[in-house]
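S.K.: Protein chains in written order, with the numbering used here: chain U, 1 to 576; chain V, 1 to 163.
No wet-lab data here; the hints were simulated from the structure.
Be aware that one or more of the hints could be misleading.
Keeping only pairs whose Cα atoms sit at most 20 Å apart, straight-line, the calculated SDA-like set for lysine to any residue is [to be verified]:
#	chain 1	residue 1	chain 2	residue 2
1	V	Lys62	U	Thr150
2	V	Lys72	U	Lys132
3	U	Lys132	V	Asp54
4	U	Lys355	U	Pro437
5	V	Lys72	U	Lys355
6	U	Lys311	V	Asp54
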Amino acid sequence: MELSGAEILVQSLKDEGVEYIFGYPGGSVLHIYDALFKQEDVKHVLVRHEQGATHSADGYARATGKPGVVLVTSGPGATNAVTGIATAYMDSIPMVVVSGQTPTPMIGSDAFQEVDTVGITRPCVKHNFLVKDVRDIAETIKKAFHIASTGRPGPVLVDIPKDVTDPAVLVSYEYPKKVSMRSYNPSVKGHKGQIKKALELMLRAHRPILYTGGGVVLGEASDELVALTKKLGFPITNTLMGLGSYPATERQFIGMLGMHGTYEANKAMHECDTLIAIGARFDDRVTGKLSEFCPNATIIHVDIDPASISKNVKVDVPIVGEVKGVLKEMLKLLNSGEFSPKPELISKWWERIEKWRSYNCLDYDRESKLIKPQYVVEQLYEVTNGEAFVTSDVGQHQMYAAQYYKFNKPRRWINSGGLGTMGFGLPAAIGVKLAHPESEVACVTGEGSIQMCIQELSTALQYKTPIKIINLNNGYLGMVRQWQEFTYESRYSHSYMDTIPEFMKLAESYGHVGMRIDKKEDVRGALEEAFAQKDRTVFLDFITDPTENVYPMIEAGKGHHEMRLAPGMITDEDLA
Amino acid sequence: MRHILSILMENEAGALSRVAGLFSARGYNIESLTVAPTEDPSMSRMTLVTRGSDEVVEQITKQLNKLVDVIKLIDLAESAHIEREIMLVKVHAQGGYREEVKRLTEIFRGSIIDVTASSFIIEVTGAQDKLDAFLKALEEQSVFEVVRSGATGISRGEKGLHL
Chain U
1 MELSGAEILV QSLKDEGVEY IFGYPGGSVL HIYDALFKQE DVKHVLVRHE
51 QGATHSADGY ARATGKPGVV LVTSGPGATN AVTGIATAYM DSIPMVVVSG
101 QTPTPMIGSD AFQEVDTVGI TRPCVKHNFL VKDVRDIAET IKKAFHIAST
151 GRPGPVLVDI PKDVTDPAVL VSYEYPKKVS MRSYNPSVKG HKGQIKKALE
201 LMLRAHRPIL YTGGGVVLGE ASDELVALTK KLGFPITNTL MGLGSYPATE
251 RQFIGMLGMH GTYEANKAMH ECDTLIAIGA RFDDRVTGKL SEFCPNATII
301 HVDIDPASIS KNVKVDVPIV GEVKGVLKEM LKLLNSGEFS PKPELISKWW
351 ERIEKWRSYN CLDYDRESKL IKPQYVVEQL YEVTNGEAFV TSDVGQHQMY
401 AAQYYKFNKP RRWINSGGLG TMGFGLPAAI GVKLAHPESE VACVTGEGSI
451 QMCIQELSTA LQYKTPIKII NLNNGYLGMV RQWQEFTYES RYSHSYMDTI
501 PEFMKLAESY GHVGMRIDKK EDVRGALEEA FAQKDRTVFL DFITDPTENV
551 YPMIEAGKGH HEMRLAPGMI TDEDLA
Chain V
1 MRHILSILME NEAGALSRVA GLFSARGYNI ESLTVAPTED PSMSRMTLVT
51 RGSDEVVEQI TKQLNKLVDV IKLIDLAESA HIEREIMLVK VHAQGGYREE
101 VKRLTEIFRG SIIDVTASSF IIEVTGAQDK LDAFLKALEE QSVFEVVRSG
151 ATGISRGEKG LHL
């Protein structure tokens, strides 16, 4: 088969099984767009800004596990995509970004819409390529998908100069069945000796805790994690990225840990004698002050990326390997009868944890006449029966969603954890809805974040992706305001937006349904009404208490035991 | 501690900047860096000298291994190895000092590779400390240009870095 470079690219994507491309046309990719026009298998979603394309592809990838695919033009098309690429990179999300480039002979001449895309994206991709020969396109695309989706996943960018996709140059096409690279062989199987050693330590523990992260979600290891946790009887805490990989409504789950983690999770981390970290990377928002992190614990760490092990915290028993395989091996050993958990060893530990849990650290002022943001999320949880896919932006609303929406399944909670990208939620929700058209998709956001990618409301209408936007509108950049209250003596420097649009009207002008809710008693009804409109995108603008803060909070530079708790929360002697 | 990382990588455009970029992005230092294709032109071999605690160098090694273009690497400083660097020195040499420079060059097993009425260019090869010692032995004012290649090296015996 003889095809042009543009046709080869599109055919390669087809052969890779790509369902959607999120993109925006421009000069350098016009040949590719022409090839897209002539087929119907790969569906193109025209976003309104390239950042939206990357976030939508990212949302699609997080909800399905399949790489998200992006197509942008050279220059500003590529630079606009950078934020979304970096977002995917920080959270290890598989993504393939194809960018157009100035024709090969003009590269380096400061041509129109030329930037060094490979150079600009190098620090925030797993790998990138510049394709200079039409005969290399198919193999490069194969490599890109292979690298993006194996090992520790991540975004891969393929930069293609315009002349390489020239419709007049035809070459033979065959999509490679597989690819092998001598320089890229990600380690997959955990060392059996290390796994056994870890299990022995775990079963001797008196105060164990499982601390699990996004690696469990990415590695499709939720079933194994649940089975192992139940078998061991240990308490389990999830990172922000790991929520849903262990059901939040189960007794052994003691909540999220870290900066806005629960009292019981952070206390248990501080006092544990054996820490079992699985697919988590000891991020600073999780560990707090490193010198006070789990001071008495023997640390076991399972991760597919050797560079994550002993990066921030020295690990005693490292296990490099795919989480799923390692957990299966542990289960096998436990089921063989050779190893058995001793519940009596940890009964005192559980008593202590239950005491911490009894303080109910996520309680808030339920009597308030104002709409509390926590209340909105709780109602959202009830109205959607805990089954929705929830995307979020970044800030207070993100933490409320993580704390009050009890995720029972992996891939349901979709947020920018590592990079903390405002503007992520709405485009991500569009990608999620395309992947799961039958499921409810909610975007929990704030009036600050939503304005960063608000233009994607238009995309949502064109591609009929009915989502529900839960805007927790407190007039402030809430998390900034909170830090300013706590550490800058309430000097609210530029964290208040004096003018914000009337979101109800804005939503209507984009062709959607807008609702404004400023009374607490209307919250439930509004949510029910919104979710009853199955085929409409509904923008719910909730006017919430502007003074509410996210608790508990470990302020920067403090340890897990130094939490700031909600005003009025009953504390025990530990906090004296 | 000083570490000499020997890196076998794909001879691809951009491979060098991936390594250099990794070091600057993560705040590691590069003391010297040399790179050239190997006997197999599809691969390059880089020798990179860096300093850091064991933890830092372990992290550097892991991060380098993560780069898709990196095939294999070893830390030469971990075992017996040979280290060489080439240095070219241009010195003012007139009158009696010419003899002095020639003697010094002989002692350091260097060679004079260019001569004018008033100057020599001397080539010296060896490990870093030998080259430092040679420079020290010369009269400071006489040295007016120094070019050093940065260290390159190879491990002793059968052990080595190859596919």
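S.K.: Each hint needs a verdict: does it hold in this structure or not?
M.R.: Going through the hints against the structure:
no.: 1; hint: Lys62(V) with Thr150(U); in the structure: holds (17 Å)
no.: 2; hint: Lys72(V) with Lys132(U); in the structure: violated (26 Å)
no.: 3; hint: Lys132(U) with Asp54(V); in the structure: violated (41 Å)
no.: 4; hint: Lys355(U) with Pro437(U); in the structure: violated (43 Å)
no.: 5; hint: Lys72(V) with Lys355(U); in the structure: violated (52 Å)
no.: 6; hint: Lys311(U) with Asp54(V); in the structure: holds (12 Å)
Hints 2, 3, 4, 5 from the earlier list are contradicted by this structure; the remaining hints agree with it.
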